[in-house]
Amino acid sequence: MGLVNEDYYYDEYLGEPVSYSDFPKYEKKAERLVLGLIRKTADEVEAFPEDLQTKIKDAICVEIEYMWENGLVVAISGKTGSGFTVGKVSVQAGASAALAGAKSMICPAVYAMLETTGLLNPAVATAAEPWPATRGWI
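Residues 11 to 148 in the working numbering are what the sequence shown lists, from first letter to last.
No lab work stands behind these hints: they were computed from the structure.
Fair warning: there could be bad hints in the mix.
Think about it this way: if two alpha-carbon atoms lie no more than 30 Å apart in a straight line, the pair counts; the simulated DSS-like pairs of lysine-lysine are [as the list claims (entries may be wrong)]:
1. K35 with K65
2. K50 with K35
3. K39 with K50
4. K50 with K65
5. K38 with K65
6. K38 with K50
7. K65 with K39
What follows is a list of derived Cβ distance ranges for each label pair [to be verified]:
8. L130 with N80: 20 to 26 Å
9. G97 with T126: 15 to 21 Å
10. E26 with E60: 22 to 28 Å
Keep in mind the model is a prediction, meaning the values are calculated, not measured.
The beta carbon of each residue, even a glycine, is placed where N, CA and C say it ideally should be.
Can you build the whole structure from these sequences, using the hints too?
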């Protein structure tokens with residue numbers, strides 16, 4: 011089971027309605043994105059203090075909502091439509107649309123929620139520097 015279950019999503023986070031049958035799929039994909047962003051495993055997160063776990067779980071919930079609203083294709087691949095044609099009129103997406111698609115894979119609110127945790131630090135931790143010393147908490 012993932013870090014976020016439906017009870018947490020609806021009762022604690024107060025998330026927007028997501029199809030019951032689709033929830034496990036969205037939760038798993040959102041969890042993978044957030045854990046990849048912070049470079050941690052679910053087991054490592056479960057060992058964190060409760061307040062830090064809550065921020066990570068809330069970030070996963072934000073990503074679930076983001077994927078539900080935007081669709082999995084846009085949220086996972088970052089690919090937006092390349093354009094459309096109606097009759098003789100054709101509209102094509104430019105280079106800026108491609109960049110916007112790449113940026114859309116992770117909800118901006120996820121970055122905002124995790125910013126205060128110190129887990130977005132791009133530094134590579136070493137075995138000699140265990141958590142939390144590598145994250146600037148001490």
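Just tell me: holds or violated, for the beta carbon distance of G97 and T126 against 15 to 21 Å?
51 Å, violated
When you check the alpha-carbon spacing of K38 and K50, does it fall within 30 Å?
15 Å, holds
K35 paired with K65 [C-alpha distance capped at 30 Å]:
21 Å, holds
Satisfaction of hint between K35 and K50, Cα-Cα up to 30 Å:
At roughly 20 Å apart (the allowed maximum being 30 Å), K35 and K50 satisfy the hint.
Pair hint K38 and K65, alpha-carbon separation not exceeding 30 Å:
17 Å, holds
Between K50 and K65, does the CA-CA distance stay at or below 30 Å?
Holds, at about 14 Å.
If you check the beta carbons of E26 and E60, does the distance land in 22 to 28 Å?
With a Cβ separation near 25 Å, E26 and E60 satisfy 22 to 28 Å, so the hint holds.
Measure nothing beyond the straight line between the CA atoms of K39 and K50; if it is 30 Å or shorter, mark the hint as holding.
15 Å, holds
Hint consistency between K65 and K39 [alpha-carbon to alpha-carbon, up to 30 Å]
The given pair, whose Cα atoms are some 17 Å apart, holds under the 30 Å limit.
That 20 to 26 Å hint for L130 and N80 (C-beta), does it hold up?
22 Å, holds
Of the hints listed earlier, the one the structure fails to meet is number 9.
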